[in-house]
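Could you build all of it, start to finish, from the sequences and the hints given here?
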Amino acid sequence: MSEEKRLMKGNEAIAESAIRAGCKAYFGYPITPQNELIAYMAKHLLARGRIFIQAESEVAAINMVYGAAATGARAMTSSSSPGVSLKQEGISYLCGADLPCVVVNVARSGPGLGGISPSQGDYFQSTRGGGHGDYHTIVLAPKNVQESADLTYEAFAISEKWRIPVLILADGLIGQMMEGVTLPPEIDIESLPRKPWAVGHQADTGRAINHVTSINLVPAELEAANIARYERYGRAARELTRYEEIGVEDADLVFVAYGTSARVCQGAMEAAAAQGIKLGLFRPISLWPFPYDRLSELARRGKRFLAVEMSMGQMVEDVRLAVNGAAKVDFYGRCGGVIPSEEEVLAEARRLLGR
Amino acid sequence: MELVYGHPKSLKPIQTKYCPGCGHGVIHRLISEVIDEMGLQTRSIITNPVGCSIWADLYFDFDSVQPAHGRTPAAATGVKRMLPDHLVICYQGDGDLAAIGTAEIIHAANRGEKFTTIFVNNAIYGMTGGQMAPTTLVGQKATTAPEGRDPGTAGMGYPIKVCELLATLEGTRYLARGAVNNPVNVRKTKKYIRNAFEAQMRGEGFTMVEVLSQCPTNWSMKPAESVEWLEQNMIPFYPLGEIKNTLASVEGAGAIGASGAIGMPGAIGVPGAAVGTVAAGKE
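Quick mapping for you: the protein sequence lines, in order, are chains A and B. Note that my numbering numbers the first sequence so that position 294 is 294, with each residue one more than the last. Note that my numbering numbers the second sequence so that position 114 is 114, with each residue one more than the last.
Note that these hints are calculated values from the structure, not bench results. It should be emphasised that the depicted structure is a prediction, and the values quoted were computed from it without experimental measurement. Even for Gly, the Cβ is constructed at its ideal location relative to N, Cα and C. You may find that some hints are simply not true.
Stated by the list, open to error - One side of the interface only, derived from the structure: several residues of chain A facing chain B at Cβ under 10 Å:
no.	residue
1	Val65
2	Pro196
3	Gly200
4	Ile246
5	Gly247
Shown next as C-alpha cells:
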C-alpha cells in the first residue's frame, strides 16, 4: 500500500501505521482508552494472515511480545496506564535481553485504577525505566494523530537498530480524537533482514546456537553488560534526541510541554500574541533521550521557563536538571484527567511575567 | 560397527549443576534423544523456566529463550506463532507452571497453542531452597510448611493435579504423566514425549508431558530414598499414564473419550479413580 490520506482516530492511526511498518505480531489486553487500537489490530492483522492474540492479561501480552521479539519479528503491544504498569516486568526483561519491540501507552489518569481521562502522570514510569534494574526505553511522545502515525512507523526501525524497546507515550485525548493523517507506505514484511541474534532458522544458516536471556549471575560480567548497554544508550541519545521549538528566540517566557499539554500551550501562545505578549514553546518529542543540552543552552541565554503538564509535576524535574539553576523554572499542572485550558495557562504565564 | 547407544547430539557433553539424584538431567536427556531421533536439533527452541532448570540453556545444544518466572507459556506462544514449523518446548517446574504462571499455562492450553510443555513436578521449590510448591503433597514438609502441608487450619491449600485440570480444556490434545524414578517409568516418559513432539510437528493442539521427578536435596533424602519416596507417595496421588489423548493419529488416541467421567463430580478427586483408570490402560 502506498502513502494515503485518511481521517482517523489516534488509536487507529497508530495501529495502521504499525501494520504498515511491518508489525508481524500484536498481543494486547482490552483497556480504555485504547480499545480501538486492539480492535483495529484484530481486524487488519488477521485479515493479512499475521498474528493477533487477545492475551489473558497485560503480563501475558508483553511476554508474548518477548517470545515473538526473540525470533526477530516486529512485535508490538499496547495498553493504558494501569496495564502498562503490569507490563513493566516484561519490559525490564526485554531490555535485559536487548530485544526490540514497540509498546504503546495511551495514558489515562492515576494512581491506581484512577480514571479513563487523559493524563501525563506516567512520565516518571516511562522515562526512568519503569521496572527493576538499570535500563531505559526510548520514549516518543506525539502531539497529534499525524505524529502518532509517524513516530509509530519509525519506532520499529529505531528499536531494531538500537535493540532497545520503544515506548510511544500518547494519552487518551490523542488516542480518541480524529484528525486527518497521511499514512506511510507499507513495508514488505518479507524484505526485512533476518536478525543474527534471533532464535530459529538455525538449520538454514548453520550459525552457532542463540540464547536469548537477561540472566547473568557473575557480578563482574553483569556489570560489564550494563556498562556496555549504557554506552549504547549514550550513542542512541545523541542520534534520537528530538524536540520542536516555536517562537523561542524572542520569547519572554518559554513553555516546556509535550503531547496534549504542548497543544494547549500553543493555543495560549497565539492568544498571548494577540495581546502583545511573546511566549515560546519548547516541546520535547523524545522524552528519553530528553533534550537536556538544548534546554541548557536556552537557559544560559537567559530564557525563563514554565513547564506545563497534565500531572503533579514530573517532566519539570528534567527541565530543572537541564537548566541546573541557570534559569527560573516554574510549573503549572492539572491532573486526575483534567486538561488545562488555554486561558488558565495564559493567565499563569501573565502572572509570572507580571503582565 | 553400528552405534546403538551414545550421548545425544542435542545435549552438550558437559557435567550439569544439578544435585545428585535430581531428575532434570534424565529429563533433559529424554528430550534430547527424541529431538535427535526426529532430526530436529537445528529446528528446536526451548523456553526455560525460573527454577533449577534455568540452567537448561547450558546443556541443550539448540536455541533457547529465557522468560520471566511463570511467563514461559506466553513467551513460547510468541515464539511458536512466529516459527510454526519449529519444535518449541516450554520447560516448566511446578512453581513456574502451577503457581506464578497459572494464568499463562491455562490460557496457552485453552488456545491450543501448538508447543509442548514439559512440566517437571517434584513437589517442592528447588532453587530457592525447599519451599512449599502448589504440588507439595498434604503433610509433606517444606521450609514454608514446617509441620507439613496443612490445608486445614493453616490454609495451605491442596496439591494441584495439573493434567486433570487442563484436561477439561478443549484446546488440549495430549496430556500425559510420567516419572523418572525407575527405568520402566523413564522409558514410558520418553514415549509420551515422543508422542507430544510428533503431535506438535503435525500441528495438533496443546500437548504436555508432566514428569514426576525427585529432589533429594530439598526432600532431605538420599537419592535412593527419593526414588522410593516418589513411588510410594507421589504416584498414588498423581496417577501415571496418558491422562488425555485426543490426537488424530497416535496409539492410545481417544483416552479422554473413554473418560467422559472427567467432567463428572467426584470422578477426578480420588487418586486412581476414573482418570487414572483410563490412563492405566494406555501406558
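Hint check:
1. Val65: 6 Å, holds
2. Pro196: Violated, because the Cβ-Cβ distance from Pro196 (chain A) to chain B comes to roughly 12 Å (cut-off 10 Å).
3. Gly200: 4 Å, holds
4. Ile246: 42 Å, violated
5. Gly247: 46 Å, violated
Checked against the numbered hints listed earlier, the structure breaks hints 2, 4, 5; every other hint is satisfied.
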